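Residues per chain are reported as follows:
There are 2 protein chains.
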Amino acid sequence: MAPSVFLSHLLPLVRGSLCRKAPCPSRTAVRRSQFLSVEGNRVLAGTVDRFGGVTVDLTESGLPEDISEGAFGRLLGDSLVQWRAEGKVAVWLRVPISLSRCAAAASTHGFTFHHAKHDHAVLALWLGEGESRLPGFATHQVGVAGAVLDESNGKVLVVQDRNKTKNAWKFPGGLSDPGENIGATAVREVFEETGVRSEFRSLLSIRQQHCHPGAFGMSDMYVICRLSPLTHAINFCTRECLRCEWLDLAELTRTSDTTPITSRVARLLLHGLEQGFSEIDLSMEELPAVYSGRFYQLYHRQLPPTLKS
Amino acid sequence: MAPSVFLSHLLPLVRGSLCRKAPCPSRTAVRRSQFLSVEGNRVLAGTVDRFGGVTVDLTESGLPEDISEGAFGRLLGDSLVQWRAEGKVAVWLRVPISLSRCAAAASTHGFTFHHAKHDHAVLALWLGEGESRLPGFATHQVGVAGAVLDESNGKVLVVQDRNKTKNAWKFPGGLSDPGENIGATAVREVFEETGVRSEFRSLLSIRQQHCHPGAFGMSDMYVICRLSPLTHAINFCTRECLRCEWLDLAELTRTSDTTPITSRVARLLLHGLEQGFSEIDLSMEELPAVYSGRFYQLYHRQLPPTLKS
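Going down the list, the sequences are from chains A and B. Residue numbering for the first sequence follows our numbering, beginning at 1 and increasing consecutively. Residue numbering for the second sequence follows our numbering, beginning at 1 and increasing consecutively.
Read the hints as simulated data drawn from the structure, not as lab findings. Here the structure is a predicted model, which is why all the values come from computation and not from measurement. Mixed in with the good hints, there may be bad ones.
Pulled from the structure, derived: some chain B residues nowhere near chain A, Cβ distances all over 12 Å [stated by the list, open to error]:
#  : residue
1  : Glu-60
2  : Ser-61
3  : Arg-74
4  : Gly-77
5  : Asp-78
6  : Gln-82
7  : Arg-84
8  : Ala-104
9  : Ala-106
10 : Ile-182
11 : Pro-229
12 : Arg-243
13 : Trp-246
14 : Asp-248
15 : Asp-281
Listed next, with one range per pair, are the computed distances between beta-carbon atoms [said to hold, decoys possible]:
#  : chain 1 : residue 1 : chain 2 : residue 2 : range
16 : A       : Pro-288   : B       : Ser-68    : 52 to 60 Å
17 : A       : Glu-65    : B       : Gly-195   : 27 to 35 Å
18 : A       : Ser-283   : B       : Leu-230   : 25 to 33 Å
19 : B       : Glu-199   : A       : Thr-306   : 26 to 34 Å
20 : A       : Ser-256   : B       : Glu-129   : 34 to 42 Å
Glycine is no exception: its CB is placed at the ideal position from the N, C-alpha and C atoms.
Take the sequences, apply the hints, and build the full model.
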């Protein structure tokens, strides 16, 4: 799984460069390569980054919309001769879906899919020495569950999934939407499944799973948050849920009608209810992002006032 | 960002079904559709799941390798007439890279890329009512840093990145390889960058960032772990690091030559060193996965013995 030490030494460097360049080649061009020629052949115009990677965006390359696989394959072949002669280490191809036939032509030269979204695919070919050191694409989906605990009566909001054979009590939750923060997902999913409004209090637990059947074989990061109820009336989603109740927390820690992780988090919540939530919480704080100046959310144990910045 | 309540009610249900089916249609077939016909036209063979989604794998469909975009477009068009007549809610197309021209043909019928990996792309088209309720693909990359703290002398292992303009002290780290656990990434990256062997102790902090320039515009989950050193001799990677030192933890909490998150975690570590690491740690335990019987790693605050299962 892990690359050799030697190869991996370059990884963050290559990641740092190509990652930033791949999504927006035009903005990140260091120099625009010309239609140079090798033995008089045309070469695809691309942008070159300082690490020797070439990015060709077929939406900007002026190719005829009806270019054939054969014609593009020959143009790409001539271009590869040029790029190899120039010592380029990698080539990225951004292919609009309407020109997908060019991806087939590229595959005959060794290109493979790096990723694809909506209306385009990105292919890559490593030209450097040894194993490819190109960065990968997103590997994880993020699922978030919300444990809504009413501290006034020690009851927690749980559901039973309509689509599971074993109807075990669990906390409502679901997948984060792209760009959605963990706490926002928890509050949204709890409301959508149960009709209960709540507010984020802390992060309680994280689980990582690989080869996840619910993630197209990718990995899954499952986060459980502690929430406080803002409303109590249950109006649960009958398509998703068979049952939805405010269950006594102590009962949830004892019942066998639940999942191992729900039972574990229930005991964690009980501990927090009895000894103080500072015992179990990861609190959230906002810190400035170094490169963008924006703020991001950081979760960790509460620091004593003397150690806060 | 969040879908409407009504639409999202179906999300986990559709996710639960199509996610499991998309990666391996043959294994998940409920029934194999025949080459039925509408007005005598041929229809692509696909597998149908119990939620009314059709998955067509072009590597299994017996299409001629040289089928033209036009011919595939007509076949797909006739198939869509049939599937709509049958009330199917969605169509998934698994397209090998060699038949990528079929993706262009599919796009003329409204299909878009769902994802692509290595030698194939998966396209999708929502046929049901309203906005698409198809599940998304992986949204996050996971980066892990390792804070290696020598409790005997209060020194922590830090590096300065060769490729940053501001040479700030930070903890060594990098991206998780696919299928790699958080702790394993931390130990591997620390060794690759510094030459120091270490072992995982706990999870300290999590940060989520969106539209990450280092993640092809996707999201980034950055995890910082606490590690204990097994060796102390530094042999750092000169391609990645400008400097690498065992720095006094108290000094790291005071210096301005660091990043906000490193400074914050340094203060967290100092608190742990002085008051006990149980104050700052999320410990890791293994629990059985409900559906697979495999074990996964769960991170949360340590439970008192009386509450452990």
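Taking the closest pair, is the beta carbon of Gly-77 (chain B) still more than 12 Å from chain A? About 17 Å separates Gly-77 (chain B) from the closest Cβ of chain A, which puts it past 12 Å; holds.
12 Å cut-off, C-beta based - Arg-243 (chain B) kept clear of every residue in chain A: Holds, since 16 Å exceeds 12 Å.
Beyond 12 Å from every chain A Cβ - status for Gln-82 (chain B): holds (23 Å)
Could you tell me whether the CB distance from Ser-283 (chain A) to Leu-230 (chain B) stays inside 25 to 33 Å? holds (32 Å)
Is the nearest Cβ of chain A still more than 12 Å from the Cβ of Arg-84 (chain B)? Holds, since 22 Å exceeds 12 Å.
Would you check whether the claim that Arg-74 (chain B) is not at the interface survives, using Cβ distances to chain A and the 12 Å cut-off? Holds, since 17 Å exceeds 12 Å.
Taking the minimum C-beta separation from Ser-61 (chain B) to chain A, is that value above 12 Å? holds (16 Å)
Checking the smallest CB distance to chain A, is Asp-281 (chain B) really beyond 12 Å? Contrary to the label, Asp-281 (chain B) does not stay out of reach of chain A, its closest Cβ about 8 Å off (not over 12 Å).
May I ask you to check that Glu-60 (chain B) keeps its beta-carbon over 12 Å from the closest beta-carbon of chain A? holds (18 Å)
Status of the given 34 to 42 Å range, CB of Glu-129 (chain B) versus CB of Ser-256 (chain A): Holds, since Ser-256 (chain A) and Glu-129 (chain B) (Cβ atoms, about 40 Å apart) stay within the stated range.
Is the claim that Asp-248 (chain B) lies outside the interface with chain A correct, judged by CB distances over 12 Å? With a cut-off of 12 Å, Asp-248 (chain B) remains clear of chain A, as the shortest Cβ separation is near 16 Å.
Distal placement of Ile-182 (chain B) relative to chain A, Cβ over 12 Å: violated (6 Å)
Hint check: violations occur at hints 8, 9, 10, 15 and 17; the rest are consistent with the structure.
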